[in-house]
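Participant: Given next are the chains, with one letter for each unit.
There are 2 protein chains.
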Amino acid sequence: MKTIFYEKKLELRDIPEPLMKKGESLIKILLAGICKTDIEITKGYMNFKGVIGHEFVGIVEKGELKGKRVVGEINIGCGVCDFCKKGLSRHCINRSVMGIYKRDGAFAEYITLPDVNIYTVPDNVSDLEAVFTEPIAASLEILEQVKITPDSRTAVVGDGRMGQIIAQVIKLTGCYIKDYGKNKKKLELLEKLNINTDILCGNIKNKYDFVVECSGNPKGFETALNLVKPRGKIILKSTFVSPLKFDTAKVVVDEITILGSRCGRFQPALRLLENRLVKVDYLVSKVFPIAQYIKAFKYAKKKDTLKVLLKM
Amino acid sequence: MKTIFYEKKLELRDIPEPLMKKGESLIKILLAGICKTDIEITKGYMNFKGVIGHEFVGIVEKGELKGKRVVGEINIGCGVCDFCKKGLSRHCINRSVMGIYKRDGAFAEYITLPDVNIYTVPDNVSDLEAVFTEPIAASLEILEQVKITPDSRTAVVGDGRMGQIIAQVIKLTGCYIKDYGKNKKKLELLEKLNINTDILCGNIKNKYDFVVECSGNPKGFETALNLVKPRGKIILKSTFVSPLKFDTAKVVVDEITILGSRCGRFQPALRLLENRLVKVDYLVSKVFPIAQYIKAFKYAKKKDTLKVLLKM
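Chains G and U are the protein sequences, given in the same order. Heads up, the first sequence is in this note's numbering, so the first residue is 704 and it goes up one at a time. Heads up, the second sequence is in this note's numbering, so the first residue is 704 and it goes up one at a time.
What you were told as hints is all true, and nothing was included just to trick you.
You can't tell identical chains apart in this list, so a pair holds if it fits in one copy or across any two.
Below 30 Å or equal to it, Euclidean Cα-Cα: the simulated DSSO-like pairs (lysine-lysine) are:
no., residue 1, residue 2
1, K739, K932
2, K953, K932
3, K789, K881
4, K752, K711
5, K771, K805
6, K953, K908
7, K953, K712
In short, the hints are calculated from the structure, not lab data.
Kindly produce the complete structure, drawing on both the sequences and the hints.
Facilitator: Shown next as structure tokens:
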């Protein structure tokens, strides 16, 4: 089958169809999304070698869920450790992660996944929308980690695809929210969704209870430290290959909390889509066939691009 | 009156006695403690100019509390902002901080403090013990920020004066606790208090729910990141003049929380002393008269020193 394979460089590579283990399903991929993490992998992040891609929608071809249109959680736990027992297989120390760590990903004609990782897509959710289940789940993870209420003031630093989804998901709490970004076109898209926006500048200080950093840029963290109130919380969504620097005096004296935040649960994300509570279709900048993967990755890195999808 | 004054360098300087405002007391200082923050100030931390020192015990000479033996909270708030109204004057944006920021400190014959900052020392607590109210309060602050239970595993990185007090205070929760340090003599003192200890090395990983970083050394944070479990919490007590670097991927992927922690409330700290729940007298390495301040600061910086006190 055709795959987009990373081994020091990206290439279209033909490999055998994956073998289905007990309790797994074989899924035919329909659409898959290129994420910032995929781009970071092509720069050496995680030292990954294999088929990349972890955002997808597909149809089960073999297994108990045969015929279902599905999406899949990307972390595959050992099933027996303390984390897995608590339903936190995404923190299992022996986990693999689809397309990121020790397991082939979704930029392929087929993948296999354990049935416990698979969720049926509601009928009123399109294929294109379903690809966004993973980033919506990652946004909802923030609300599982911190309690944002209608009294809260929240800033989102970043106007890219994650920023757009995170701002929408956090707005559902009823809090005051503002998205800070650099790209006027992208900020206008947020304004259309009735989300306040502002161009990033150095003058805004100490105003927010919560600041979500998803700019994908090390400078975003500096901005977040300026925006957060004493005793406020910064939620870190961006990962970088290079280390971050920060002023400990500010963090200690103002008792700031910095919170790493990664993947979330799929079921609540699908409910938001089913109930039309987040809008994602406008985020698709272009859809490329898998054979045009080089063009697709180039396009994904462009300044004005939001989401690029691959059609298998 | 004699003071230890910092203005680009430390010196013994005679300045007028401070003027008492309405609602304040004039306090004659008996004993004061040299803290890591005082040493950092002499390196330029906070750009402070004035009388340094913020850990003290004294006798009220003028004011409503006349004759009482007292200690005092170091943050002086505006009294009217949202933080002050919530009892969090230590986060008031217009605050001054005794001996650290915009207000003269306790290495002096006299200081003035608002009465709301002053707490009477219980009779069974010695002068020497009372000087430790501030670092005990700062240790208790951790327990107000995170919920450590008997099920928790907690590591303290740092065997200095703060490490010794923090380890004792956290042990009161009933959790499993281990202090990691580099100084055998200091670790032995902790062992005498039935606190597990270990020499810092690079091999210990992913074991603790909570890690308190109070080593006063930027490398301590690296250690803390190695010691903390996925989804665990690092409590930062050390402040440095230089910025810290860290690996965001670890923090985001493992959803680590990093929490700055500073000053705490004095009343609970005095209760721990009154109820003999923390031991602090063994931490006093030496007491110097104020005139020997140069010797005292030199001694405070020595590897094996724990706490140095100044007698006014």
